[in-house]
Amino acid sequence: MLTYPKSTAPGFTLIELLVAMAIFVFLAAAMYGGTQYIMLQREIMLVRQGELESLQRTVRYLQTDLTQIFPRDVRDELGRDRLPALFTDPGNDIAMRLSRDGWRNPAEFKRGTLQRVQYRYNEDERILYRDYWPVMDRVLGMEAREQEILTGVEEFDIEFLDEKGEWQQDWPPANSKVTLLPSAVRFRFLLDSFGEVIRLVEMAG
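Okay, so the sequence shown: first residue is 38 according to my numbering, each after it adds one.
A few of these clues could be false.
To be verified - DEER-style ranges, computed between Cβ atoms:
1. Ile131 x Leu151: 13 to 21 Å
2. Ile131 x Tyr69: 49 to 57 Å
3. Ala144 x Glu203: 40 to 48 Å
Just so you know, the hints here were simulated from the structure itself, not pulled from any lab data.
Where a beta carbon is used, it is the ideal one built from N, C-alpha and C, also for glycine.
Input sequences plus hints: build the corresponding full structure.
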């Protein structure tokens with residue numbers, strides 16, 4: 038009868054198996070938690086990137102509109118009065134309304150290059166809008182085409198540098214021409230995401 042020698046290799050005790058299983062569970066949880074953390078950070082980064090792109094696009098809009106501003110007043114929708122080439126009306130959420138040149142026309146529609154643009158800040162929504170009209174001298178009932186350009190705006194202020202070198206919060210100054218334009222415009226955002234942002238745009242001419 039054949040006999041086999043007994044193995045002398047030590048086996049795992051129940052306690053050792055429990056410890057090994059606990060270590061495995063801990064490492065697996067750590068790896069899962071690390072993956073979740075990385076995914077969370079990636080989502081945060083994408084949100085911040087989107088917010089930065091929105092801010093950059095808004096600044097670009099403002100700089101382009103202001104550097105291409107044009108001294109052209111317009112007829113109001115009732116056809117009775119002339120509205121200034123640039124004016125503010127904070128009481129109606131109008132941060133700034135202006136006439137600008139350089140309206141691109143890649144589709145070659147039958148229209149000019151002048152455009153009437155409005156920046157409208159809704160404090161309750163904390164949203165900045167850029168609106169425009171398809172014609173300069175609009176008629177009654179013609180609505181602006183609305184575009185939401187920046188969210189999370191706690192404050193939005195605009196100041197205008199007059200010919201005396203003084204900053205004005207309203208434009209145009211009293212008893213001035215409807216075509217009068219400032220020498221420079223300074224605008225300030227207070228944003229949820231980036232805090233205070235200030236830009237200065239010098240006008241042509």
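The hints, checked one at a time:
1. Ile131 x Leu151: 13 to 21 Å: About 19 Å separates the Cβ atoms of Ile131 and Leu151, which means 13 to 21 Å holds.
2. Ile131 x Tyr69: 49 to 57 Å: Given a distance of about 52 Å, which is inside 49 to 57 Å, the answer is holds.
3. Ala144 x Glu203: 40 to 48 Å: holds, 43 Å
Consistency note: the structure conflicts with none of the earlier hints.
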